[in-house]
Amino acid sequence: MQPILVVTEQKITAPGKLNPASLEAVAAAQDLAQRLGAKVAAVLLEARDSGLAAELAARKLDRLYHLLHPALASYSPDVWVQSLVQLITHVQPSLVLLPHTYQVRDFAPQLATRMGAGLVTDVTAFHTDSGHAVFLRPMFQGKWSAEVEFASPSGAPGDLPGFVTLQIGAFRADQALAGDSPAPIEAVPVSPDPSRLAAGEIFQEAKQAVDLSQAPIIVSVGRGIKEPKNLDLIRELATALGAELAASRPICDAGWLPMDRQIGSSGQTVAPKLYLAIGISGAIQHLVGMKGSRTIVAINKDPEAPIFEVADYGVVGNLFEVVPALLAALKATP
Amino acid sequence: MKILVCLKQVPAKDAPLKLDPQAAWIRDDVSYEVNEPDAFALETALRLKEAQGGEVVALTLGPARAAQVLREALAKGADRALHLEGADAHLLDPFAAAEAITRAIAGESFDLILTGLQSDDGGYGQTGVIVAELLGAPHATIIMHIEPAGEKRIRVKRELEGGNFQFVEMPTPAVLTIQSGINRLRYATLMGIKQAKNKPLARTTLEELGVSPSLNRQRLRRLFLPTKSKGTTLIPGTPKEQAAILLEHLRNDARVL
Ligand SMILES: Cc1cc2nc3c(=O)[nH]c(=O)nc-3n(C[C@H](O)[C@H](O)[C@H](O)COP(=O)(O)OP(=O)(O)OC[C@H]3O[C@@H](n4cnc5c(N)ncnc54)[C@H](O)[C@@H]3O)c2cc1C
Ligand SMILES: Nc1ncnc2c1ncn2[C@@H]1O[C@H](COP(=O)(O)O)[C@@H](O)[C@H]1O
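Protein chains in written order, with the numbering used here: chain Y, 1 to 334; chain E, 335 to 591.
Derived from the structure by calculation, the hints contain no laboratory data.
Keep in mind that the hints are not guaranteed to be accurate.
As the list claims (entries may be wrong) - Going by beta-carbon spacing under 7 Å, a handful of chain E positions derived as facing chain Y:
#, residue
1, Gly457
2, Tyr458
3, Ile464
4, Gln500
5, Glu503
6, Asn550
7, Arg553
8, Leu554
9, Arg556
10, Leu557
11, Phe558
12, Pro560
13, Ile569
14, Pro573
15, Ala577
16, His583
Unchecked claim - In the DSS-like style, the derived pairs of lysine-lysine whose C-alpha atoms are separated by at most 25 Å in a straight line are:
#, chain 1, residue 1, chain 2, residue 2
17, Y, Lys229, E, Lys347
18, E, Lys336, E, Lys531
19, E, Lys336, E, Lys533
20, E, Lys347, Y, Lys301
21, E, Lys564, Y, Lys273
22, Y, Lys226, E, Lys347
23, Y, Lys301, E, Lys562
24, E, Lys491, E, Lys336
25, E, Lys562, Y, Lys273
26, Y, Lys331, E, Lys574
27, Y, Lys291, E, Lys347
28, Y, Lys291, Y, Lys226
This one's a predicted model, so the numbers in the text were calculated from it and none came from an experiment.
Where is the CB? At the ideal position from N, CA and C, for every residue including glycine.
Just chain Y, same shape as in the assembly (with noise of 0.2 Å):
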């Protein structure tokens, strides 16, 4: 079996420290590896040497590579799938894994297409079948999950080979195994062509007015609630709880609410106490934000509704109906 390969990622903001969604991957990669009896390697490019490549090199891996090139200072897919299809070329891995960040999800359909082959997103489980890898993947917004296998699954040298992402958070860091021993590092010259694209400087919107991850209870809404004017009845739940008022994405986009109070992945991160989710149907991008929260109630009309996957304590049910129930109960037993 060829060796899978693990392709890691540096925090945006903060180059030379690694995207802890890397060792997630190495994580899955290392599991996946032993039940198919194949090595692990990983990948790092870099402009250069920041000293992670001897970090990671810690982790049990078979090989680590170091691609070193100075177009490798900032991110583009042109140059990233250049760079990774020559080591890839060199490689010959059975699987590519790859964390399903908004980077990978920008260069990864591309590399996978460059390379004749195919690409399973967003994968939050596997397990074999007769010697080759069987994926699990939500679909439907997480309704439903796919049970996904590759068209001609690989494993032989000269094999394409198979790229998947594996959802931020369905692996875990911790369990990424430490080597015996350093591993091997490899430097694998690559010479990519300029890129088409040119980026600028990573950047904040407007300062973030609101810092909702010191609040302990945060009331959370969601599209359920259909209408702006009806947000003065999560406003009244949330002054009656003394919790910070919170939203899915959607309202913020709207302009419902202030962009600052979004939570999730493209918004903040909190674990309070308390997480009440309503009218929020439990996306992973918002789940990603909140999930980490110690009491998660989840108050929706729709019993399959994701967000029930989370939650502690689920009230199937009406909003409009429930809410007043609850500000009513409140206000009888404060």
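Here the structure of chain Y is known, so what remains is to put chain E with the ligands in place on it, guided by the hints.
Coordinates of chain E with the ligands only, in the frame set by chain Y:
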């Protein structure tokens, strides 16, 4: 600017989905709507055309019912539409779907191709980027703003994780995947709906394009309901009873109030 917008018809957000055991897919008897970010992609295209001039072409790949998203796009202001029709379009993986789109537009030269960043049903997040690769065009994903940047160049704002952004400049033709919320959607006007009836809607079949699931690079084995990993306490009763029981739990079991 000549702009192509890819619009996918997907089950409506609150449609109750049931499995069709024969098809290993969901049952077709639900209501459908246009994939949310695709609606924003269309809006983006219409605004670019209004500012710069040019043409907006709407494309969908799907069964006969998918033509609805094209009629809506025409009513909102698209100039013409392309329907790549196939009863089993849902069986195509994102590579095969991208092949179909690319083959259908061979011979046309678009300055911009806009797709949504991902589909609500498949959730692949791949089709637009693969189209770019098949065309040999540059691309950028999760776009929150587009502006011209001189002759045959554009400048776009990419959304990154955790509230970060980045501007990227590139030559056209280019492919961009649009994020929901990039702008505010318009409604079709009565006038628009009337005019749409006279706008061209061309139809090609997947067969004519030579596209079938045999091009797929991944295979869907089965769909199933996710197993609940967390022991969620479901609270029974009328809303009033639910409220009382919930408060009781939060106060005495979870001790968070
Ligand atoms: C790259 C990317 C980044 C993203 N970042 C974020 C992010 O940071 N944060 C975020 O939240 N989302 C984010 N999203 C969007 C995310 O995928 C979902 O689209 C979004 O979270 C859905 O919001 P919602 O749950 O409010 O709406 P919907 O999914 O429309 O859900 C509404 C829910 O309300 C329920 N409901 C309706 N009426 C009632 C009623 N009367 N009573 C009770 N319940 C009712 C429905 O059953 C449904 O479950 C991102 C998406 C992408 C692709
Ligand atoms: N069947 C289709 N018809 C039209 N556009 C599509 C289709 N499939 C995918 N797309 C476009 O590609 C984007 C990404 O889809 P996906 O790769 O399935 O997540 C969608 O938002 C659409 O803009």
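*Grab the minimum C-beta distance from glutamate 503 of chain E to chain Y and call the hint holds if it beats 7 Å, violated otherwise.*
holds, 5 Å
Hey, does the glutamine 500 of chain E contact hint survive, CB to chain Y under 7 Å? holds, 5 Å
A closest beta-carbon separation below 7 Å is what the hint needs, so does glycine 457 of chain E meet it against chain Y? holds, 6 Å
Does proline 560 of chain E pass the interface hint, meaning its C-beta sits closer than 7 Å to a C-beta of chain Y? At about 5 Å, which falls below the 7 Å cut-off, the nearest Cβ of chain Y leaves the hint on proline 560 of chain E intact, so it holds.
| field | Satisfaction of hint between lysine 533 of chain E and lysine 336 of chain E, Cα-Cα up to 25 Å | value | Answer holds: lysine 336 of chain E to lysine 533 of chain E is near 16 Å, not above 25 Å.
Given the hinted pair lysine 336 of chain E and lysine 531 of chain E, is their alpha-carbon gap at most 25 Å? holds, 21 Å
query = Do the alpha carbons of lysine 226 of chain Y and lysine 347 of chain E lie within 25 Å of each other, as the hint requires?
reply = With Cα atoms ~13 Å apart, lysine 226 of chain Y and lysine 347 of chain E stay inside 25 Å; holds.
Practice problem: Have a go at the arginine 553 of chain E hint: is there a Cβ in chain Y nearer than 7 Å to its own Cβ? | Solution: holds, 5 Å
Verify the proposed pairing of lysine 564 of chain E with lysine 273 of chain Y, using a straight-line Cα cut of 25 Å. Measuring from Cα to Cα gives roughly 17 Å; hence the hint holds.
Query raised in the report: Can the hint on arginine 556 of chain E be confirmed by a CB-to-CB distance to chain Y that is less than 7 Å?
Result: holds, 5 Å
**Asked** Does the structure keep lysine 291 of chain Y and lysine 226 of chain Y at a Cα separation of 25 Å or less?
**Response** Judged against 25 Å, a Cα distance of about 24 Å means the pair holds.
Hint check: 7 Å Cβ-Cβ cutoff, leucine 557 of chain E to chain Y
For leucine 557 of chain E, the interface hint holds, since the closest Cβ of chain Y sits about 5 Å away, which is under 7 Å.
When each numbered hint is compared with the structure, no violation occurs for any of them.
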